[in-house]
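Trainee: Following the hints, complete the assembly by docking chain B onto the known chain A.
Number of protein chains: 2
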Amino acid sequence: MNPLFPKEVYQERRNRLKQSVGGGVAVFLTNEEAPMNYPSNTYRYRQDSNFLYFFGLSLPGMAAVIDFDEGRDIIFGDDFGIDDIIWMGPQPTIASLAEKVGVTDTRPMAKLADYLKGRKVLFTPPYRFDNQIKLSALTGIAIGNLKQSASAELIKGIVALRSAKDKYEIEQMENAGIIGAIMHTSVMKRCKPGVSERELAGLAEGVALSYGEGISFPVILSQHGETLHNHNHNGILTEGNFLLMDAGAENTMNYCSDHTRTYPVSGKFTQKQKEIYEIVLKANMEGIANVKPGVYYRDVHFIAAEIIAAGLKELGIMKGDVKEAARTGAYALFCPHGLGHQLGLDVHDMEDLGENYVGYDDTVSRSEIFGISALRMARELREGFIITVEPGIYFIPELIDIWKSEKKFAEFINYDKVEEYRHFGGIRIEDDVLVTADGHKVIGPHIPKSVEELENTVGKE
Amino acid sequence: MNPLFPKEVYQERRNRLKQSVGGGVAVFLTNEEAPMNYPSNTYRYRQDSNFLYFFGLSLPGMAAVIDFDEGRDIIFGDDFGIDDIIWMGPQPTIASLAEKVGVTDTRPMAKLADYLKGRKVLFTPPYRFDNQIKLSALTGIAIGNLKQSASAELIKGIVALRSAKDKYEIEQMENAGIIGAIMHTSVMKRCKPGVSERELAGLAEGVALSYGEGISFPVILSQHGETLHNHNHNGILTEGNFLLMDAGAENTMNYCSDHTRTYPVSGKFTQKQKEIYEIVLKANMEGIANVKPGVYYRDVHFIAAEIIAAGLKELGIMKGDVKEAARTGAYALFCPHGLGHQLGLDVHDMEDLGENYVGYDDTVSRSEIFGISALRMARELREGFIITVEPGIYFIPELIDIWKSEKKFAEFINYDKVEEYRHFGGIRIEDDVLVTADGHKVIGPHIPKSVEELENTVGKE
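One line per chain: the protein sequences are A and B, in this order. Position 434, counted from 1, in the first sequence is what the working numbering calls 938; the numbers after and before it change by one each time, with no gaps. Position 38, counted from 1, in the second sequence is what the working numbering calls 542; the numbers after and before it change by one each time, with no gaps.
Just so you know, these hints were derived from the structure itself, not from any lab. Keep in mind that this is a model prediction, so the values were computed, not measured. Every residue gets a Cβ at the ideal spot worked out from N, C-alpha and C, and that includes glycine. Incorrect hints may appear among the rest.
Not the full set, but computed from the structure, chain A residues with beta-carbon under 7 Å of chain B [unchecked claim]:
(1) Ala538
(2) Asp634
(3) Asp850
(4) Glu855
(5) Leu903
If we strip away everything but chain A, and leave its shape as in the complex, we get:
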């Protein structure tokens, strides 16, 4: 049995959802075991985050409904039989499980279809293929049409609740932050030329499994930080390279951490490495410093973008007005991704519900400018939100070549100077930040990030 919050926490969450959704019945399917290479050989079990948020139980084989018309919460599921118990040991009943999360109405799974028949059924976009098959059978909606048939009203109600973390959740996030810090410092200490990337990625994931449920997303550990989508760990650490690790843990209640650190494999920055690193560090720290309620996160993104543009201008890589370089997206050659995203039960929190619901609202919509368009979180920060602050500077040969050939933003970019950095690689620095009543708090213990701290840690087993 997984750890749970007091049952009143789940009851209150469901009741608050009832206040925001007008009618119908929302159905939440549990995630099932996910087959890896044959039906019974499964990946680690991961419950759906919406189910976890409203119903807490981290077990497959159930469905829950919140009936907005009847004001009723029900968990559907079947008890184990004696044949299962011989192999699994004594198992709690569905009723006793439901009671732990404040649900007193439980019914056999076979009754679910009847319960939903003829009702207005609300659901979130299903991302597991087995649940798509099930939901299609329950609703009569073709699999290909399920996503577009998801309930915007339900999604908005969930996003409103899950975005603002309560004290119970913040405690869990701090706990996840501790695991994340151990992952990063363990890898830093063992980092030295000759060690394999695979060994270090395994070390990080092993820590996440030893102290929590595992990694919150596939470990990015690379000497090519400029390759943003890079999950291979086949390299051997080489003197002169940077090592970038973007990795996080899920704690035992499935709350996530997400940190990035970048440092020289050798443990010692060159002057050139240090110059770029300090720009990213400043963007990270100024980004964090600007987090507070009432601020639009897109504006924090622009602050970081200006710092990047200003720093690169100082090195002769960029030129022109730095505010303009930020607003027009000229900086995005060096940082094509956004400053951050919400974090909670998912590492990109609520991404299953749709990024535009989570990071945007009626007051701010997604930009179409390359780089700015990649920003996952743009809207106004409120107390209880937890976001990542993760600026980076990358020299991406493929992107440089395209922009250079198009003379794109030639008024902001010194392409000749850029060539000197062609093989520089990429740097990202990422922390997790809670929006407090009057400002912010970095989640979890401090992980070495200044040049001095890193030089004192990397390779020092």
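Mentor: Chain B in isolation, oriented as in the chain A frame:
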């Protein structure tokens, strides 16, 4: 790019399959990325083992056909565009990938449906739900009917090939065995009272990730070895208990290890623990000693069952004729599972194809007796087969209570004496064994398993 065997290996495998399948066209879909808690947050990628065996490439987004009518092999897939390459770095083309596994005919994915139209399409039972949806669309067979529509001829042809491992595969299996040995000895050394099960399970999985692709199946690490299906790691190691770990690695070519060791948390066996342990050890070693070509594995199972019955008889727990106790299934109160299974690219090798095709054939069919019926592998051993030998003795309170109340096998079981062991727990000892031309060879390095070896290793960091 994953490591590959020489292209001739894959060509020969496909050609041998063509000799055994009479006609039609077999389609092999790659496994796709598997969503964990939202679409883009995926579990570690695992290619389908049949695709790996015939086409080697460990990448999603492709389909391959072996056309038995035309004698043709084709890989269908689409090259990455420049937008992807900006994020992923330079990527090989489908044609260059296919060439590495001896396939010269490649076509865009959109051409697959046309190619199969009007043809007799053969496929293996799809276990990934997204591939069920795809295969249903390609064949017009309803999702619920796909499994029963799989081709027995294709399955039999694949099982015949994959069961006998070639020299390339045996080398990889040895490599997986090395990783498995490190997993087990690392955990043994750190095992001591007060350490958490979770920490040790994370340590084992971390090793599997540091030296290979990860675990070959979810780690079983438990102080309740008698609970056979037990994947929770919430306990703290306690003096007096056994620790059972059943765990294996997948190496970088996706070949699997699978070992079990059981030892006292304290590092020191009591007399009672030692007595039962020595019976299991004898069953394991005699089981291994009897592995050779021409032997039916069900007979090896019975040899182990007799050793268990004889040993328990000596302790007064069983009585009567031990051969009878084995054949009738009376021993199965203490060992309700089979002696082992095939091992290769899957930890239960080819289980997606159906256990009855893999472990049984025209000369031996599945028993209906409890315990014996659980035997996954019964058929005649041949050179190149790799099997696990994993006897155990368990005291399962739920099962004891049922059998006792039914007076089941009362002529073989001293139920009063059994009560003295009610809280004893469970022991299993498992090794991976290759069938050689004239006998057998244990795969991988020796992992401590005698009482003396374990007492010299457990807790000795």
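Trainee: Decide, hint by hint, whether the structure agrees.
Mentor: Comparing the hints with the structure gives:
1. At about 6 Å, the closest approach between the beta carbon of alanine 538 (chain A) and any beta carbon in chain B falls short of 7 Å, and the interface hint on this residue holds.
2. With its C-beta approaching chain B no nearer than about 4 Å, aspartate 634 (chain A) sits inside the 7 Å limit, and its interface hint holds.
3. Given hint, aspartate 850 (chain A) at the interface with chain B, holds; its Cβ is 5 Å from that chain's nearest Cβ, closer than 7 Å.
4. Using the Cβ-Cβ criterion of 7 Å, the hint placing glutamate 855 (chain A) at the interface with chain B is satisfied: the shortest such distance is roughly 4 Å.
5. The beta carbon of leucine 903 (chain A) is positioned within 7 Å of a beta carbon in chain B (closest approach about 5 Å), and the interface hint is therefore held.
Checked against the numbered hints given earlier, the structure satisfies every one of them.
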